[in-house]
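The listed protein sequences correspond, in order, to chains A and B.
Numbered continuously in numbering that gives the first Met the number 0, the first sequence closes out at residue 186.
Numbered continuously in numbering that gives the first Met the number 0, the second sequence closes out at residue 186.
Source of the hints: derived by calculation from the structure; they are not laboratory data.
Note that beta-carbon positions come from the ideal geometry of N, C-alpha and C, so glycine has one too.
Mixed in with the good hints, there may be bad ones.
Facing chain B, a subset of chain A residues (Cβ under 10 Å, in silico) [said to hold, decoys possible]:
1) I3
2) A9
3) V32
4) G93
5) V120
6) P186
Below 27 Å or equal to it, Euclidean Cα-Cα: the simulated BS3-like pairs (lysine-lysine) are [said to hold, decoys possible]:
7) B:K26 - A:K4
8) A:K57 - A:K26
9) A:K2 - B:K149
10) B:K154 - A:K4
11) A:K76 - B:K149
12) A:K4 - B:K149
13) A:K154 - B:K76
14) B:K2 - A:K26
Far from chain B by the CB rule (all over 10 Å, computed), these chain A residues [stated by the list, open to error]:
15) K26
16) H54
17) K57
18) R60
19) E61
20) T78
21) S85
22) K88
23) H104
Protein chains: 2
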Amino acid sequence: MEKIKISNQAFPGPMPVVIVGAEVNGKPNYLTVAWITRVNFSPPMLGIALGKSHHTNKGIREHGEFSVSVPGAELMKVTDYAGLVSGLKTDKSGLFEPFYGELRHAPMVRECPLTMECRVVQTVELPVNEFIIGEIVGVYTEEQYLSNGKPDMEKIDPFVLSMPDNHYWRLGDPVGRAWQSGREYQP
Amino acid sequence: MEKIKISNQAFPGPMPVVIVGAEVNGKPNYLTVAWITRVNFSPPMLGIALGKSHHTNKGIREHGEFSVSVPGAELMKVTDYAGLVSGLKTDKSGLFEPFYGELRHAPMVRECPLTMECRVVQTVELPVNEFIIGEIVGVYTEEQYLSNGKPDMEKIDPFVLSMPDNHYWRLGDPVGRAWQSGREYQP
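The shape of chain A in the complex, shown without the other chains:
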């Protein structure tokens, strides 16, 4: 079928939805983020792309610390809410119950099945966003979300965001195994 050219505002597939936590003016603040990826294997690092004007960025800049919490689908509404209202106008510190690991200014969300605390390594300035790279220094979960000692996606029940249709989706059928299913491919 014929290829057609569409808007450059495109997105490379469904993205993980997380809650970024930071301490702003002495209080936890939370922001919903889906522009996130691991960027380095070892030491483990991830990066988040934030609009420069977000309230959360101030706290990250001040303390060089932030958290990433992965919400289960039952937290969808409050997670979306955290991305709808700005911490500049609305105190979001009571949205979740914070807990801390090794870092003092990276409030993680107790209600989330999987959380990580990060120390800022580098910030890349881009035209309207900044891409903040952090080293993962602590990861937390609960026994109920593990299988064989590892985070179990079906127990965590994360959700992803597709754009530009702006839908949240649960995970569906497993379709294969990475670095394994390809062995069945016959070139």
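Starting from the known structure of chain A, arrange chain B on it as the hints suggest.
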């Protein structure tokens, strides 16, 4: 329930699976990547984190161009295969049928429902990976994958990767609308 600390090799939720294309030694080469995110809204930019030793990186470095193709779930096996074998040892140019947009060295995968061509803006050097930021200069699809002129996730049927369990998943039930469902939340 009590929080427990687990390995720092953690991942912020399920990640989009794409095929990165580049021209290496005059031939198209393809690499499966899931460490990818949009990083700037306007102009539209995305970033991919690649292990520094990958064959693909050479072509990206030489030409300053690469492509991102979003495979549907029916391409799972060949997509995984493209991530299993190195272009250094195996000629992967015949795995897919390439097509080109505006850029001459960013082969896109004709079999994929959604593809984009990117011009390198910046490369961030990290300990074992490099994070390559590109501006999206062209996006291509087919009429059959659109609804109301926009890419339709159910028609595209993308798949995501969760780590460290290394499973591929289709999208499941829609659970909400971004920047909308949160309005129903009562703080």
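Looking at A:H104 again, its CB stays over 10 Å from all of chain B? 18 Å, holds
Can you confirm whether the C-alpha distance between B:K2 and A:K26 stays at or below 27 Å? 22 Å, holds
Check whether the Cα positions of B:K154 and A:K4 lie no farther apart than 27 Å. Satisfied, since the Cα-Cα distance of roughly 17 Å is no more than 27 Å.
Restraint: A:V120 near chain B, CB-CB cut 10 Å. Satisfied or not? 8 Å, holds
Is the nearest Cβ of chain B still more than 10 Å from the Cβ of A:R60? 18 Å, holds
Should the label of A:S85 as a non-interface residue stand, given a Cβ cut-off of 10 Å to chain B? 13 Å, holds
Holds or violated: is there a CB of chain B closer than 10 Å to the CB of A:V32? 9 Å, holds
Please settle this one: A:H54 was flagged as non-interface, so is its CB more than 10 Å from every CB on chain B? 16 Å, holds
Per the stated criterion, does the least C-beta distance between A:K88 and chain B lie above 10 Å, as a non-interface residue requires? Consistent with the label, A:K88 stays out of reach of chain B, its closest Cβ about 13 Å off (over 10 Å).
Next pair to validate is B:K26 with A:K4; report whether the Cα-Cα distance is within 27 Å. 24 Å, holds
Under 10 Å, Cβ to Cβ, is where A:A9 needs to be relative to chain B, so tell me if that hint holds or is violated. Interface hint status for A:A9: holds (4 Å vs cutoff 10 Å).
Is A:K154 within 27 Å of B:K76, Cα to Cα? 26 Å, holds
Hint 20 from the list above is the single one not met by this structure.
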